[in-house]
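**Q** Protein chains in written order, with the numbering used here: chain A, 701 to 1009; chain B, 10 to 256; chain C, 32 to 399.
In case anyone wonders, no lab produced these hints; they're calculated from the structure.
Treat each hint with caution, since some may be false.
Distance windows between CB atoms, simulated [to be verified]: (1) Lys727/A - Leu63/B: 49 to 59 Å; (2) Arg965/A - Glu19/B: 53 to 63 Å; (3) Met339/C - Thr809/A: 52 to 62 Å.
Covered stretches of chain A, as calculated for chain C (at least 3 residues, CB under 8 Å) [stated by the list, open to error]: (4) 777-784; (5) 790-799.
Straight-line Cα separation of at most 30 Å, DSBU-like style, residue types lysine-lysine; simulated pairs [what the hints assert, rightly or not]: (6) Lys230/C - Lys771/A; (7) Lys828/A - Lys881/A; (8) Lys932/A - Lys238/B.
Every residue gets a Cβ at the ideal spot worked out from N, C-alpha and C, and that includes glycine.
So you can see what is in the structure, the chains are spelled out below.
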Amino acid sequence: MSNAVVVIQNLSKTYGEISALHDINIKVMQGESFGLIGPDGAGKTTLFRILTTLLLPDSGSVAVCGFDVQKDYKAVRASIGYMPERFSLYQDLTVEENLAFFASVFGTTIRANYELIQDIYEQIEPFKNRRAGDLSGGMKQKLALSCALIHKPQVIFLDEPTTGVDAVSRKEFWQMLAKLKQSGITILVSTPYMDEAELCDRVALIQHGRIMDIDRPSAITSTFSGPLFALKSKQMYRLMRCLKAYEHTKSVFAFGDSIHYTDVRAENPIKAIRQHLQRHGFDDLEIEEIRPGIEDTFMALMEHKSESL
Amino acid sequence: MTTTVIDVSELTRKFGDFTAVDRISFQVLKGEIFGFLGANGAGKTTAIRMLIGLLRPTSGKASVSGFDVYTQTEAIKKSIGYMSQKFSLYQDLTVEENIRFYAGIYGLSDENIVEKSADVLERLALHPVRKSLIKELPLGWKQKLAFSIAMIHDPKIVFLDEPTGGVDPITRRQFWDMIYASADNGVTIFVTTHYMDEAEYCNRVSIMVDGRIAAMDSPRELKTAFQVKKMDDVFVKLARPTGAQTA
Amino acid sequence: MNSFIGFVRKEFYHIFRDRRTMTILFGMPIIQILLFGFAIRNEIDEVKLAILDLSKDTITKEITDKLLSSGYFLGVRQLTAASEIDDAFKQGLIDEAILFEPNFGHQLLKDGSASVQIITDGSNPNVSRIVTGYTSAVLQQYQQELADMQNRKVLIQPEFTMLFNPELKSVYLFVPGLMALILLLVSALMTSITITREKEYGTMEILLVSPLRPYQIILGKVIPYLVLSFINVLTILITAQIVFGVPCKGSIVLLLAESFLYILTALSLGILISTIAASQQVAMMISLAGLLLPTVLLSGFVFPITSMPWPLELISNIIPAKWFLIIVRGLMLKGVGLEIFWKETLILFGMTVLLVVISVKKFKIRLT
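Just need the whole structure built from these sequences, with the hints factored in.
**A** Now the structure itself:
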């Protein structure tokens, strides 16, 4: 019953010598929220621009809503919504004028599709006569999303909507997306924040123009090999250095208030680690095995990739 | 050991009727990593600009490395390092040229510049790309280089404005390794970030809400005080007391 | 169609909300024309005359009386040596000096012709031109009377000398030049900036992805400036007419039509610039250095094309303003019509078609 809204097959794109995207294969189903997770420069924006017909692929085929992005670009454009990364609206137009403009550009009116944006727009409606330039960051984002949705697209592309946005506004934005998803719209969103991956149905981890993995977040984290341990101490920096120098260390990364650690040994190493660290004077050590997150997996994949290169 | 290097008291900045920074007070100690958090538009940038001598406060007192922010802005600028996500290196100059340019600005001698350049290139393993233009480098390398350049004149305090935005998770940690190493050498780090896990790396954090400092303590104490597990939740509770209802 | 109207409306919002743009758009033409006009002073009700009469005979005396009784001149300063003329001008004591050579009357009666030097201040070309006009009229009238009396032909030959500015430039000549310049500025500069601004703000991506066709985007950008430029043409013409009495001797309809054509040329240049430039700054630089400067220097607005070295003269041919200037000068000052400047009109038309085709082709439906 669910059909593919976005189908990408063997897509590659190069800028001169630099390979921006390499052999990308992605299928996104109707009603899905799909995350493209990766740091700046990984190729997220390039991929989104190809999907929105703004760039042509070098090779491979890309179809959106059943239309080829190259041949039927007009049909694709009519059925998608797009919020580019640096999208900043028209600062000198009011909230309402911005929305009305984007509605008219797509040959519709605010009233005709009000239902879809109601939840979001209601929050900024009290400021509808304010210029977009005078809105706070969170409100601008809501307006931008409203503008991208006003023509009732089947699928919406959000390129790094939460970059540079504070943690609270980010949270609110994802809550809006969750609500939006209920209306059946397909959402493709890119982000450099690994913790946002868990909020998507499925994600693709992308680095240096290559997809490292693509699956449900829980399935991705289950590929993490070997047990992962979280270590805590009052002397975190020293603990870090001590672990880095430890002969059995496979990986060690700072992770908020703890350190995430994997060991090369097969048997459970907790006891051995504790002994080793006690010898180095860490009396307050806390150590426990934890479930890996997307960021752990991403880093493991990155390391794996750089080793295999 | 516990020398105060940044001393702020009742610092205020108004733009017309709008009070961007409202009577904030805090001290930062030598060698401390001080996280300066807050939602967009809470007044962080305005506060930092006052501290680095770019913006004159409306009222209140503040000193940085012992220099007054009203009268000794030139001395402040010489004694601090500054790096921001947006404006750091010249994209159309090479790695080496950027290092030399910034070292020159801070009045390093020619010998010193040569020595420092070699040192930075070696530490960051950038020697093979020293003649490449900055715009050809990956973001992570740029940010690490920008940090090294901000430290090139051995400042006692360094201000980092969202230094790791958009950087990949491994490079982000390498970046924090550099921060830790500097702090270990007695450099005071004043840093803003939107990554809440990075807030945990700080010795102390302050959280700004609507121009005021709503909370300030070590991450551990803050989490205890707010009875939550992650800094993320502390932030949410403070920044949007009613946040749970919206959206 | 609705989406197109919405687009144009949005453009007008941009223009009307930006006080700086508005000031430039509407203030500039008026200020420029007043500046240029008044720099070339235009008050001629009190001409101060000096006469250096080295002949001192009855004829020179009669001519002097005639000049004084004509009502154009205010007081006469009698000079005694030619060396005084220059100083008198520099100190602003006189607007015109008339010099009778020794034996003027004798020569006129004996040979039937004699010459008189009329010296004016070229730094006020307008005054200069009008004053010499008055003087010639008086001289001609006297010549006629004398001829009638003597029953034979006599010829008083005026020799005009202009101090300080031998090349006559008047406000009449400036108006066409100013029109060429302002229309270029408003049309090319403003359009290129507004398109590149959309690129900078990332809104261009949305517009490209929308069902709007490229030609609709271009037209939507262009129409507001077409309207404003046209208003500017009217402002310039009306200001020039009211304040300085600059006439339009030819057909006003034709003048407006030619202006319309020139605005289109400038607009298509603006679009072309915006397809090359990635930022507002670059667009501004290309417009100023690549369009404005050549237009000022090479269109014949400031320096006559005939006195340029041949390479520059050659280059001047690709400057639309050159052709527009020829057309407008012909229309306004000489009162000639299409039969005279059909060639120039055709060139301008050709340029416009070429530019529109190139810029529409270059305007990308995708990003690079």
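**Q** How does the Cβ-Cβ distance of Lys727/A and Leu63/B compare with 49 to 59 Å: does it lie in that range?
**A** holds, 50 Å
**Q** How about the region 777-784 of chain A: do at least three of its residues have a C-beta closer than 8 Å to a C-beta of chain C?
**A** holds (count 5)
**Q** Take a look at whether the Cβ-Cβ distance between Met339/C and Thr809/A falls inside 52 to 62 Å.
**A** Given range 52 to 62 Å: holds, Cβ gap about 58 Å.
**Q** Using the beta carbons of Arg965/A and Glu19/B, state whether their distance is inside 53 to 63 Å or not.
**A** Since the Cβ atoms of Arg965/A and Glu19/B sit about 56 Å apart, the hinted range of 53 to 63 Å holds.
**Q** Given the hint that Lys230/C pairs with Lys771/A, test it: the Cα-Cα distance must not exceed 30 Å.
**A** holds, 25 Å
**Q** Counting residues of the region 790-799 of chain A whose CB is closer than 8 Å to a CB in chain C, do you get three or more?
**A** Holds: 5 residues of the region 790-799 of chain A have a Cβ under 8 Å from chain C.
**Q** Assess, step by step, whether the Cα of Lys828/A is no farther than 30 Å from the Cα of Lys881/A, and give holds or violated.
**A** Distance ~25 Å between Lys828/A and Lys881/A Cα, so the pair holds.
**Q** Quick one, are Lys932/A and Lys238/B close enough, alpha carbons at most 30 Å?
**A** Answer holds: Lys932/A to Lys238/B is near 14 Å, not above 30 Å.
Going through the hint list in order, the structure satisfies each hint without exception.
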